[in-house]
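*Asks:* Each chain, letter by letter, is given below.
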Amino acid sequence: MAVYRRTYTSYSGALTPAWSRWRVLFRYSRSNLFRSKLQTGLFVLCFFFPLLCLLSIYLVHNLSFLEKLGAAGGQLVTIDNKFFFYFVNVQGVLAFVLTAFTGPGLISPDIANGALPLYFCRPFSRAEYVLGKTSVLAILLSQITWIPGLILFAVQASLAGTQWTWDHLWIAGSLVLSCWIWIAILSLLAMALSAWVKWRIVAGALLLAVLFFGAGFAQAVNAVMRTQQGHFVDVVYLMSTVWKGLFRIADEQVISSTEACVALLGFCAICLVLLVRKVRAYEVVR
Amino acid sequence: MVFRNPESMGTVIQPGAAAVAVNEQATAAPPTPVVALQGLCVRFGNREILKGLNCTLRGRAIGLLGPNGAGKSTLINTLLGFYKPSSGSASVLGHDIRAHTRKIRSLVGYMPENDAFISKMNAVSYVRMMAELSGLPPAAALERAHEALFCVGLAEARYRELGTYSLGMKQLAKLAQAIAHGPKLLILDEPTNGLDPSARQRMIRLIRDIRDSKELQIVLCSHLLRDVEDTCEEVLILNRGKIAHYSNLEEERKANKRFLELETYAANGDFAEAIEKLGCECATSLNRMKMILAEGVEIRDIYRIAAEKGVRIRRLNFRRDSLEDIFLKAMEI
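Protein chains in written order, with the working numbering: chain A, 17 to 302; chain B, 17 to 349.
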C-alpha cells in the first residue's frame with residue numbers, strides 16, 4: 017500500500033463499469049445493517065416459520081413417523097395453495113416488521129448528515145442511489161419471503177412427485193409474484209418515508225401508522241360514506257385481495273384483484289414521486 | 017517548483033526567480049477552459065439567481081468571490097448539474113453541463129460547504145466508498161483512501177468514526193473524499209468555514225500544495241478574500257447574480273511589478289538621488305521608499321546602488337492593488 021505518498025497524485029488506473037456503481041451503495045448499506053444485533057436477531061427469527069413449514073412438509077410425507085406419534089398424515093396439514101398462502105401471509109407480516117426496523121435507517125441518515133451532495137457530485141445518478149438503497153431491502157426481504165417459499169415448494173415437489181408438481185406449478189409463480197409485489201410496496205414506502213423524515217424512529221413509526229391507520233381510516237370512510245371504496249386506501253386489504261387472487265383462494269371480495277392491483281400501482285407511483293422530490297443534492301427553495 | 021506570492025516573499029534575495037516562477041505558471045495554463053459560461057441564467061421560481069453570466073476561466077486556481085447570496089454556490093451547483101440553467105449554457109473542462117453531466121462529475125472532486133458525511137463510518141471507509149462510487153475498483157479505492165487521508169493530514173485519525181471528528185478534521189475528511197479518485201478539477205465550497213486561524217492556515221497550505229502538484233485545477237468559492245488571495249490566480253467576483261469583476265491576479269502581479277516598496281536602513285538622500293538618476297520616480301519617507309522603475313532598470317540595479325551607497329535593503333515588495341481593493345471597487349459598481 018502506497019501510504020508513503022504524502023502529496024496529491026492523480027489516478028490513471030482502471031474504472032469499474034458505470035452500471036455496477038449502485039452495488040457499491042448496496043454493499044456498504046448492507047454491511048451497516050448487520051452491525052445492529054437487534055436487526056440480526058430479527059432477521060434470524062424470520063426463518064423460524066419457514067423451518068416449521070419445512071418440518072410440516074417432511075412429516076406429511078413420512079407417515080410412518082406420524083403413525084408412531086398417533087396422527088394421520090392427511091389430518092396434520094394439506095400441502096396445497098392454502099398452505100403457501102398462509103406461508104406468504106406470515107412471512108409478509110415478518111417482512112413488514114423487518115422493514116419497519118431497517119427501512120428508515122437507509123436514507124434518513126444521509127439526509128440528516130447532508131451526504132446526498134457527496135453521492136450526486138459523482139457519476140452516480142439519483143435512480144442509481146434509489147436502486148442501491150432499495151436493493152438492500154429487496155434482497156433482505158427476498159431472503160425471508162419468496163426464496164424460502166420456493167425452497168419449500170421444491171421440497172414438496174421432490175417429495176410429492178411429478179404429478180403434484182405439474183398440477184401445482186402455478187403456485188410457485190404466485191408465490192414469487194405475490195412476494196415481489198409486497199416487497200416493492202414495502203421498499204418504496206420505507207424509502208419514501210425515510211427520505212421525508214429525518215429521524216429514523218419517527219420514520220419507523222410513520223411506516224406502522226401508514227399501514228395500521230390506513231386500515232382504520234378505510235373502515236371509517238366505509239362507515240361514514242356507506243360505501244366500500246374506503247378499502248382503496250387500505251394497503252393491507254389491497255394486498256390481501258391480490259394475494260387471494262393469485263393463490264386462487266375462494267373468498268367474497270368487495271373489490272376485484274385487478275382493481276386492487278391498480279390501486280397498489282398507484283400507491284407505488286405516489287411513493288416514487290415522493291422519493292424523486294426528496295432525493296436530490298440540494299433542495300431548491302423557490 | 018513551488019510558486020510563492022512575490023508580495024509575501026519579504027526580502028527578495030533573487031528577484032528574478034519569482035518572476036520566472038510566475039511566467040512558468042502562466043505558460044502552464046491549460047488550453048481547454050476550466051469553466052466557460054455563455055449567458056448562464058438560473059432561476060428558482062420567480063427569483064433569478066444567476067443573471068446572464070459570460071466568462072471563460074482558464075487558470076490553475078480560480079477564486080469565486082462575492083458577498084453572501086451573490087450566487088457563488090448556485091453557480092457551483094449548476095456546474096455540477098444539481099440545478100438546471102433556465103437559459104444560456106456552460107461547460108466544465110470543455111463538456112457541456114446539460115449534455116455531459118455524468119462526464120463532468122467523473123472529472124470533478126467536490127468539497128461541499130456544509131457538513132457532509134456518512135453516519136457510523138470511519139474516515140477510511142468513508143473516503144473509500146466515495147472513491148468506489150467514482151468508479152475506482154475496491155482495492156484501488158482503499159489504497160487511494162489511505163493516500164488521500166495521509167495527504168490531508170488525517171493519517172493518525174483515519175480509523176476514527178467521522179462523528180467524533182472536530183470541525184477542522186471534518187473539513188479535511190471532506191477534502192480527502194474530494195481528491196481520492198484523482199479528479200481533474202477540484203471544486204471547494206468555502207473550505208475554511210468555521211476553522212480557527214491555525215487550521216485555516218493548514219487548509220490553505222494544503223490547497224496550495226495540491227495546486228502546485230499541477231495535476232488538477234481548482235475552483236475555490238469563498239467570501240474570505242485572504243483565502244482566495246492566498247491560493248488563486250484568477251478571481252471572478254459575483255454580486256447579486258452578476259459578474260461584478262474579473263481579475264487575473266497573476267497578470268496584475270506581473271503588470272505591476274515595476275511598482276516597488278522598499279524598507280531601508282542607513283539610507284540618505286544620496287541613495288534616492290542615485291536612483292532618480294536612473295530615471296525612476298521616487299517618494300521617500302523616513303526609511304521607506306516607493307518607486308516606479310524606469311524602462312530598462314532592473315531590481316539588481318537597485319541592489320547595486322544600495323551596495324555602493326552602503327544602504328541595507330530590509331524589505332522589497334511589489335506594490336499592487338490588494339484583492340480587498342479590487343473587491344471593494346467591484347462592490348461599488
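Don't take every hint at face value.
Claimed, not checked - Listed next, the in silico DSS-like pairs over lysine-lysine satisfying Cα-Cα at most 25 Å (straight line):
#1 Lys-294/A - Lys-100/B
#2 Lys-214/A - Lys-186/B
#3 Lys-294/A - Lys-258/B
#4 Lys-230/B - Lys-200/B
#5 Lys-186/B - Lys-200/B
#6 Lys-214/A - Lys-136/B
#7 Lys-53/A - Lys-136/B
#8 Lys-258/B - Lys-186/B
#9 Lys-136/B - Lys-294/A
These aren't lab readings, by the way, just hints derived from the structure by calculation.
*Asks:* Look at each hint and say if it fits the structure.
*Replies:* Right, here's what the structure says about each hint:
no.: 1; hint: Lys-294/A - Lys-100/B; in the structure: holds (16 Å)
no.: 2; hint: Lys-214/A - Lys-186/B; in the structure: holds (21 Å)
no.: 3; hint: Lys-294/A - Lys-258/B; in the structure: violated (29 Å)
no.: 4; hint: Lys-230/B - Lys-200/B; in the structure: holds (10 Å)
no.: 5; hint: Lys-186/B - Lys-200/B; in the structure: holds (23 Å)
no.: 6; hint: Lys-214/A - Lys-136/B; in the structure: holds (16 Å)
no.: 7; hint: Lys-53/A - Lys-136/B; in the structure: holds (15 Å)
no.: 8; hint: Lys-258/B - Lys-186/B; in the structure: violated (32 Å)
no.: 9; hint: Lys-136/B - Lys-294/A; in the structure: holds (22 Å)
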